[in-house]
Each structure stands twice: as structure tokens, then as C-alpha cells.
Amino acid sequence: MTLTLDALHVRYGAVDAVRGLSLEVKPGEIVGLIGPNGAGKSSTLHAIMGAAPVAGGRITLDGRPLRGRRSEDVARAGVALVPEGRRIFAELTVEENLRLGLAARRKAGGAEEAFERAFTLFPVIRDFRRRQAGGLSGGQQQQLAIARALVAEPDVLLLDEPSLGLAPRIVDVVFDALAAIRASGLAVLLVEQRAQRTVALADRSHVLSNGELRLTLGPEDAGDTEKLVGAYFA
Amino acid sequence: MTVTWQTIADAVSLGGIYALMAVGIGLVFGVLRLVNFAYGQLIMAGAFALALASQWNWPLWAGILLCFAVVLALSEAMDQLVFRPLRGQTPAVMLVATFAVAFLLQSIALLWFGALGKIATSVSSLNTPWVIGGVDIRKISVVAVLVTLACLFALQLLLVRTSVGLHMRAAAMDFTTSRLLGVRANRVIGSAVLVSGFFAAVVAILLTVQFPLVTPSFALQDTIVVLAGVVLGGLNRPVPATLGGFTIGFASGFLGGALPTNQSQYLDSFLFAAVILVLLVRPNGLFTRHGGSAERL
Amino acid sequence: MRRVLPQAAAPVVLVLVAALLGEAASAATQVYFIEALVSVVIVVGLYVFIGNTGVLSFGHISFVALGAWTAGVLAVPVAEKPATMPNVAGFLRHTTIGNVPSLALAALAGAVFALVVGLPLMRLSGLAAGIATFAVLEITNNILQYYEKIGPGQNTFSAVPETTGLWQAAVGALLAIAVAFAYQRSRFGRMLRATREDPAAAAAAGISIYRQRLGAFVLSGLVAGFAGGLEVHLLPLSYRDVYLDLTFVTLAMLVIGGASSLWGAVVGALAISALDSFLASAENGVSIFSGSIDLPSGTRVIVEGVLMALVLIARPSGLTGGREFSLRWLRR
Numbered sequence: 001m002t003l004t005l006d007a008l009h010v011r012y013g014a015v016d017a018v019r020g021l022s023l024e025v026k027p028g029e030i031v032g033l034i035g036p037n038g039a040g041k042s043s044t045l046h047a048i049m050g051a052a053p054v055a056g057g058r059i060t061l062d063g064r065p066l067r068g069r070r071s072e073d074v075a076r077a078g079v080a081l082v083p084e085g086r087r088i089f090a091e092l093t094v095e096e097n098l099r100l101g102l103a104a105r106r107k108a109g110g111a112e113e114a115f116e117r118a119f120t121l122f123p124v125i126r127d128f129r130r131r132q133a134g135g136l137s138g139g140q141q142q143q144l145a146i147a148r149a150l151v152a153e154p155d156v157l158l159l160d161e162p163s164l165g166l167a168p169r170i171v172d173v174v175f176d177a178l179a180a181i182r183a184s185g186l187a188v189l190l191v192e193q194r195a196q197r198t199v200a201l202a203d204r205s206h207v208l209s210n211g212e213l214r215l216t217l218g219p220e221d222a223g224d225t226e227k228l229v230g231a232y233f234a
Numbered sequence: 001m002t003v004t005w006q007t008i009a010d011a012v013s014l015g016g017i018y019a020l021m022a023v024g025i026g027l028v029f030g031v032l033r034l035v036n037f038a039y040g041q042l043i044m045a046g047a048f049a050l051a052l053a054s055q056w057n058w059p060l061w062a063g064i065l066l067c068f069a070v071v072l073a074l075s076e077a078m079d080q081l082v083f084r085p086l087r088g089q090t091p092a093v094m095l096v097a098t099f100a101v102a103f104l105l106q107s108i109a110l111l112w113f114g115a116l117g118k119i120a121t122s123v124s125s126l127n128t129p130w131v132i133g134g135v136d137i138r139k140i141s142v143v144a145v146l147v148t149l150a151c152l153f154a155l156q157l158l159l160v161r162t163s164v165g166l167h168m169r170a171a172a173m174d175f176t177t178s179r180l181l182g183v184r185a186n187r188v189i190g191s192a193v194l195v196s197g198f199f200a201a202v203v204a205i206l207l208t209v210q211f212p213l214v215t216p217s218f219a220l221q222d223t224i225v226v227l228a229g230v231v232l233g234g235l236n237r238p239v240p241a242t243l244g245g246f247t248i249g250f251a252s253g254f255l256g257g258a259l260p261t262n263q264s265q266y267l268d269s270f271l272f273a274a275v276i277l278v279l280l281v282r283p284n285g286l287f288t289r290h291g292g293s294a295e296r297l
Numbered sequence: 001m002r003r004v005l006p007q008a009a010a011p012v013v014l015v016l017v018a019a020l021l022g023e024a025a026s027a028a029t030q031v032y033f034i035e036a037l038v039s040v041v042i043v044v045g046l047y048v049f050i051g052n053t054g055v056l057s058f059g060h061i062s063f064v065a066l067g068a069w070t071a072g073v074l075a076v077p078v079a080e081k082p083a084t085m086p087n088v089a090g091f092l093r094h095t096t097i098g099n100v101p102s103l104a105l106a107a108l109a110g111a112v113f114a115l116v117v118g119l120p121l122m123r124l125s126g127l128a129a130g131i132a133t134f135a136v137l138e139i140t141n142n143i144l145q146y147y148e149k150i151g152p153g154q155n156t157f158s159a160v161p162e163t164t165g166l167w168q169a170a171v172g173a174l175l176a177i178a179v180a181f182a183y184q185r186s187r188f189g190r191m192l193r194a195t196r197e198d199p200a201a202a203a204a205a206g207i208s209i210y211r212q213r214l215g216a217f218v219l220s221g222l223v224a225g226f227a228g229g230l231e232v233h234l235l236p237l238s239y240r241d242v243y244l245d246l247t248f249v250t251l252a253m254l255v256i257g258g259a260s261s262l263w264g265a266v267v268g269a270l271a272i273s274a275l276d277s278f279l280a281s282a283e284n285g286v287s288i289f290s291g292s293i294d295l296p297s298g299t300r301v302i303v304e305g306v307l308m309a310l311v312l313i314a315r316p317s318g319l320t321g322g323r324e325f326s327l328r329w330l331r332r
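Protein chains in written order, with my numbering: chain A, 1 to 234; chain B, 1 to 297; chain C, 1 to 332.
Honestly, the hints are just simulated from the structure, not real lab data.
Accuracy of the hints is not assured; some may be wrong.
Residues from chain A shown here face chain B by an in silico Cβ test under 8 Å; the list is partial [as the list claims (entries may be wrong)]:
id : residue
1  : Met49
2  : Ser71
3  : Leu81
4  : Glu84
5  : Leu100
6  : Ala103
Note that beta-carbon positions come from the ideal geometry of N, C-alpha and C, so glycine has one too.
Go ahead and model the full structure; you've got the sequences and the hints to work with.
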């Protein structure tokens with residue numbers, strides 16, 4: 001399914017967080033959303049999930065409107081969010097965290113297979129299946145958070161700064177997994193701070209600054225430091 | 001100080017009943033962050049239903065059914081009319097609102113049944129003693145404990161083995177993220193309210209055996225004491241809250257029965273002084289792992 | 001000054017109107033007006049804390065209780081004391097004081113008790129504060145009920161000189177309003193209201209929220225204690241009269257009127273008192289126009305409860321919107 005944002009406007013009280021953002025994410029592609037802090041990247045993802053006040057514009061999934069729907073209904077429509085800071089349930093076990101992810105599943109049955117696919121993608125969490133999720137390391141928790149989103153078998157995957165606070169080796173694991181997820185046909189919208197890696201991985205990357213889309217970069221721009229820096233300060 | 005087996009049995013059974021009440025209050029707090037001051041009135045409504053049933057000479061099973069029907073209906077009404085519109089308000093505002101609802105319901109009962117109340121004679125046979133090895137223990141004490149254990153066990157199964165239970169636990173920890181994962185807010189809240197109401201009905205039945213006189217202030221003092229126990233145990237988590245309820249019930253029953261009246265008069269003061277102490281020093285409760293910071297509350 | 005004068009004058013005018021109406025009323029109904037004016041004192045006391053700090057307190061009626069006990073025990077003539085308070089302690093048994101001293105001591109008792117309670121409790125806010133202050137109410141009620149060395153215990157106060165007349169109550173209400181208004185316009189009141197939501201801003205400005213809250217708490221205890229003194233000199237009082245029911249009614253008055261403004265407190269107290277008295281006479285059978293209404297007893301609380309719940313759900317800032325009186329409202 002294709003996710004489309006059309007002139008999206010997010011406003012918190014008197015503050016405009018996102019101004020007139022338009023983008024599209026099609027199945028089998030990763031679209032990056034990068035930019036400085038406070039640019040409105042997280043707000044965009046929250047708006048899609050119905051968790052931020054939308055003041056204008058449209059959000060559609062294959063043409064069907066998502067705007068104004070409750071968070072749980074957006075999730076049940078096939079959009080999964082991996083929130084910033086992981087937001088896993090520390091007091092529940094890894095297994096229970098994954099079971100929670102099943103809440104948005106649209107197909108009856110097949111849960112065990114979905115679990116298997118997640119474990120194959122992130123072998124480390126299989127070993128910790130019965131452990132309390134709070135005992136996992138940051139990198140393991142991030143993998144759990146992505147797995148939890150995947151077991152719902154969504155069509156669209158949103159990620160909010162998955163590499164935040166992770167060691168470079170784990171970032172590799174996560175980004176490799178994202179490539180595999182893209183290959184399996186999902187539409188992926190990736191919000192990130194690590195501009196270079198994101199631009200290199202994504203099919204295209206939009207630079208957001210002060211709520212507005214400034215520039216769109218392709219993987220070929222990944223090595224062009226000047227262009228990247230310039231985009232951030234545009 | 002006189003301690004008999006009956007005293008201990010009474011204390012344990014009161015502890016059990018208070019544990020059930022604590023669960024009822026704790027479940028709703030977990031998902032709604034709302035302390036339902038009017039929980040006692042649900043129990044009162046159930047007790048009046050039993051009283052009416054015995055007045056109309058209904059058979060026991062019909063009375064029990066009526067009790068459940070009334071309590072569940074009232075509980076649902078509270079949720080739709082009061083809890084839902086108040087969602088998102090501060091916990092203090094919600095406390096005041098449920099305080100108002102409690103008074104409201106009490107006054108309706110006063111209007112309807114008068115201050116003298118009614119008698120519920122449903123299961124009075126349980127108020128008679130068994131004689132075990134020369135010791136008298138009232139049947140209701142044993143039954144109350146068994147019923148409590150059964151209910152808690154069933155609840156535990158619900159929370160751990162079913163998706164609804166998992167969703168309720170997750171919602172109590174982090175409602176926003178749960179919803180982002182697809183957990184349906186209304187369904188979770190509705191389930192918590194349902195189970196909470198169910199427990200209130202059970203408590204109504206158990207209490208009317210020992211206290212068949214049902215007045216508009218039935219279970220009011222008990223609710224206040226249970227609230228204290230829940231705060232002491234730990235409002236945020238189901239197990240500590242239940243333990244808190246049990247402990248306070250056991251302590252009240254034990255000291256109330258064992259101490260002579262002139263010494264047990266000030267029990268309430270000690271209890272509430274302890275509540276204040278806990279709120280100052282360990283706001284998350286005595287039985288929780290991180291008694292620490294006041295943020296949760 | 002243009003804004004301040006109407007703000008201060010409006011509650012005063014309302015109180016005077018109530019007093020004048022009471023003067024014109026029959027002897028039987030006058031007591032309702034006196035009660036209404038004493039309620040103003042209680043609710044203003046409640047407002048001084050809740051309105052300025054934004055923190056909930058369920059415990060203020062314990063200050064009223066303490067004030068009532070102080071004034072009541074000391075004001076009963078020595079000869080009458082054994083009748084209702086046989087076990088009261090030594091010097092209390094042999095002392096009787098006059099009306100004004102008893103009211104002053106009642107206010108002082110309320111303030112001191114508020115200080116003692118507030119020292120530990122002012123660190124709390126939100127739900128914790130609500131529960132903790134509720135605990136204070138419970139403890140106070142428990143002790144006053146059973147500790148017969150300091151008062152009548154479970155007996156009702158009687159033989160307390162009934163000195164709270166219409167104009168004494170009105171003066172009391174005006175004093176309370178003056179105190180509340182002076183406080184909220186003072187440096188302390190303003191500091192508290194400006195920073196209560198934002199500890200960081202407060203710290204940056206060198207303001208200790210704890211100390212400011214404690215100040216508001218003690219002042220509200222003073223007013224509430226004073227109200228207790230007035231109350232005990234008005235009607236026979238027992239421990240049951242200064243417990244949950246009074247807590248509910250006064251809280252309802254404040255919430256319905258508007259918890260963030262003095263105007264709200266006064267309006268709430270008088271409006272609900274008016275409603276209360278009307279419903280009370282209706283409970284006794286009253287003729288309205290050509291028909292008559294005869295409501296069953298207990299209707300009062302139901303109406304108040306419903307109103308309070310409605311306000312909290314639909315208009316949490318109360319009838320007055322939580323704002324002080326403004327002349328703009330008159331010019332339409």
C-alpha cells in the first residue's frame with residue numbers, strides 16, 4: 001500500500017511543527033526523513049498515527065483517508081510505528097511484547113509464523129524470548145521494537161530515529177534489517193538523525209527544516225558532505 | 001488482647017474481601033488513572049439488590065443474579081457518563097468527580113430506601129459456625145477466603161493468558177504506546193470496568209452475609225480503608241495494590257477483634273498516619289520495587 | 001485600579017445583598033442566610049489554598065473542626081461544661097472566654113494546625129495531595145470523636161453562646177474576603193499563581209513553591225478555623241457535622257462557582273446555599289406561585305452532586321469561568 005502525505009500541517013497550540021509537507025512512500029521503497037532537531041520529523045510520524053494535532057492537509061493510505069482516525073485504528077489499517085526511544089514494555093517479557101504487537105494484525109492466525117520471521121530477522125531476541133524486556137540492552141530493545149511492529153504484518157512501517165544511542169555495530173544490524181524489510185515489499189518511512197547512512201540506504205531522502213521540506217536527496221548524494229551540510233542549514 | 005481462631009478467621013476473610021475491593025479499584029486506576037471514590041456505592045447497590053430480592057422472597061440464585069445485573073449496569077453507567085467524559089483530566093479532578101458521584105449515589109439510596117435501610121437475608125445460613133476440633137469458625141469466613149482465592153486466580157489467568165488481559169496490563173503501563181500498537185482503548189477500559197464491577201458484586205454478596213443490614217452508607221468506611229490500603233501497597237501495580245488491600249483488611253480485622261474497644265478506637269488514625277507517611281517517603285507504595293519518585297502519582 | 005475596584009467590590013456587594021435580604025427575612029428563614037454567610041467564609045478559606053496553588057485539599061474541614069472545637073470548648077460557661085464534655089482536661093474545664101477571643105483563638109488554632117500539617121504535606125501535589133489531605137480529615141475526625149479530654153467527643157456541643165448573628169456572620173464573610181483578596185494581590189499571592197505550574201521557572205526566579213504553598217495553606221487554615229468558630233456559635237455541632245458531608249458541600253460550592261477566583265468562591269457559596277435553602281424548604285413543603293413543591297429529603301445532595309459532576313465534565317472552570325468579576329460583564 002502507498003502512504004501519501006499531501007500538504008500536511010501539524011500545529012501544537014500556537015506552534016507550527018510541520019508546514020505543508022507532501023511526500024509519498026510506495027511499497028518496496030525506503031523514504032528517509034532527515035533534518036536538524038525540532039524540524040518536525042517526529043511530529044510527521046505522530047500525525048500519521050493520529051497522535052498529533054493535524055491542522056491541514058491529507059494523509060491517505062492507497063487513497064483511503066487516515067487523518068482524524070484514532071491511533072489504534074491507524075495501526076489496524078496496516079501502519080506500524082517504531083517509536084522514538086523504543087517504548088518497549090520493560091516489565092513484560094520479550095514474548096509478551098511481541099504478543100502485544102499482534103493487536104494490529106489483520107489476518108487471523110499465522111502469529112507463530114510471524115514470530116518466526118521476526119526471530120529470523122533478529123536472532124538475538126529469540127534467545128531472550130522468556131526474559132523480561134527491561135533486561136535487554138539498548139540495541140536488543142531496538143530490535144525488539146522493530147520486531148514488535150513487524151509481527152502485525154503491516155504494509156507501512158514508520159521508524160522514529162531507530163539508531164539513536166546505538167553502537168555502530170548495532171546500527172549496521174538495524175540498517176541491514178531495514179534493507180531486508182524493504183526487499184519484502186513494505187513501504188518504509190525512516191526518520192533519522194544519521195543523515196549520511198540514511199541517504200545512502202533510502203531510495204530518496206527528504207530534508208526537513210523548520211517544518212518545511214527543503215531538499216530531496218538521492219543515494220548518489222550520500223558522499224557529498226557539502227550538499228548535506230548545506231541542506232541542513234538551508 | 002484476646003485472640004481466638006474466630007478472630008484470625010475473621011481477619012483473613014476481611015483481608016480477602018478487601019483484597020477483592022482493592023483489585024476492583026486498582027484495575028480501573030490502572031487503565032484510567034482514576035481513583036473511583038464511588039466504588040463503595042457499587043457494592044451498596046448490589047447489597048440493596050440482594051435486600052430487595054430477599055424482601056420479595058426470591059430464591060437465592062435470583063437474588064445473586066439481580067445483584068450482578070444491578071452492579072454491572074451501574075458500573076457501566078459510571079464509565080459512560082463520568083469516566084469517559086473525564087478522560088484526560090488530571091487525577092485530582094477525577095478524584096473530586098468520583099467523590100461527587102459517591103455522594104450522589106448515596107443520596108439516591110437515602111431517598112429510595114431511607115436511612116434505616118433494608119435487611120438482606122440471602123445466605124444467612126453461612127453465618128453459622130462450623131465446629132472443628134472444638135473451635136468455632138463461621139462458615140462465611142472460610143467461604144470468603146475460598147471465593148477470594150478463586151476470583152484472584154481467575155483474574156490472574158485472565159491477565160496472563162488472554163490477549164485482553166495482556167492489553168489491560170500494557171495499557172496500565174503505557175496507554176499511548178499500547179494504542180499505537182493497535183490496542184483498542186475502549187475495549188480495554190470496558191473490560192477493566194466489567195471485571196471491577198464483577199468483583200464489587202461478589203463483595204456485596206460476601207459482606208451481606210456478615211452484615212445483613214444494608215444502609216445507604218454500606219461499604220463506605222470499607223472503601224475508605226481499602227483506598228488507604230491500596231495507596232499503602234502501591235496504587236500503580238495490581239499485585240502490590242491487592243496485597244495492600246489484604247494487609248489492611250487483615251490488620252483491621254485482627255486488631256479490631258483482638259483489641260478492647262478503648263484501644264481500637266484510634267486505629268483509623270494510625271492507619272491514615274501511615275498513609276501520609278508512605279505518600280511522603282515511598283509514594284509508589286510499600287510493596288513495589290521502586291518506592292521512589294512521586295512522578296507516577 | 002479600574003479593574004481592581006470592581007474585583008474587590010463585587011464579592012463585598014454580594015455579601016451585603018445577602019445580609020440585607022437576611023435582615024428582611026422572617027426569623028425562621030434568617031438562619032439560612034447566616035448559614036450561607038458562614039459557608040462563604042469556609043469556601044473562601046478553601047479557595048485561598050486551592051485557587052492559588054491549584055492543589056487539591058480534602059482536609060480543610062479539619063481546620064474548621066479544630067476552630068469549632070477551640071471556640072466551642074472555651075466559650076461554654078464553666079457550669080455547663082460537665083453536661084456535654086465531662087472529661088475535658090484541667091484548664092479547659094475551668095476557663096470560659098468571650099465571643100471575640102474565642103473566634104480569634106479558633107482562627108489561630110486553624111492556622112497552627114495548618115502549619116503543622118502543611119510542613120510535611122506541601123511537598124505533595126496532584127493525587128497524592130488529595131489523598132494525604134483526605135487522611136488528615138480522617139485522622140482529625142477520629143481523634144475529635146474519641147478524645148474526650150479536648151472536647152465533647154461524640155456528644156453534640158450545646159450551651160455554646162449563640163453569638164453568630166446575621167451581621168457578625170456578614171462581617172466574618174467580609175473579613176475573609178478581605179484577607180483572600182489582599183493575599184492574592186500581594187507579592188506572595190502573585191508569585192504563587194505565576195509559578196505554580198512551572199517549578200523550573202520558579203526556581204529561576206528564586207521562588208520556593210513549597211514555602212509559598214505553605215503560606216497559602218496556613219492562611220487558608222486561619223480563615224477555615226475562624227469559620228469553625230462562627231459555626232459552633234451558630235448551631236449545635238457534632239463531630240459528624242465537620243466530616244465528609246461538609247467537605248463535599250463546600251468543595252461543590254467552590255467547584256461550581258469556579259475554583260480559581262475569589263468571585264467564584266463567593267458566588268458558588270451563596271448560589272448553592274440559596275439552592276440548598278430552597279430545596280430544604282421544598283423538602284418541608286413550600287408553595288411556589290400557585291402550586292406547591294414537596295421534595296423528599298436528600299434531594300439537596302443529589303442536585304448538588306449532579307451539578308458538581310456536570311460542572312466538572314462540561315465546564316471545569318465553574319460558573320464564573322474561574323475569573324474575577326469584571327465590569328465588562330455588565331456592559332452588553
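Here is how each hint holds up against the structure:
no.	hint	verdict
1	Met49	holds, 6 Å
2	Ser71	holds, 4 Å
3	Leu81	holds, 5 Å
4	Glu84	violated, 11 Å
5	Leu100	holds, 5 Å
6	Ala103	holds, 4 Å
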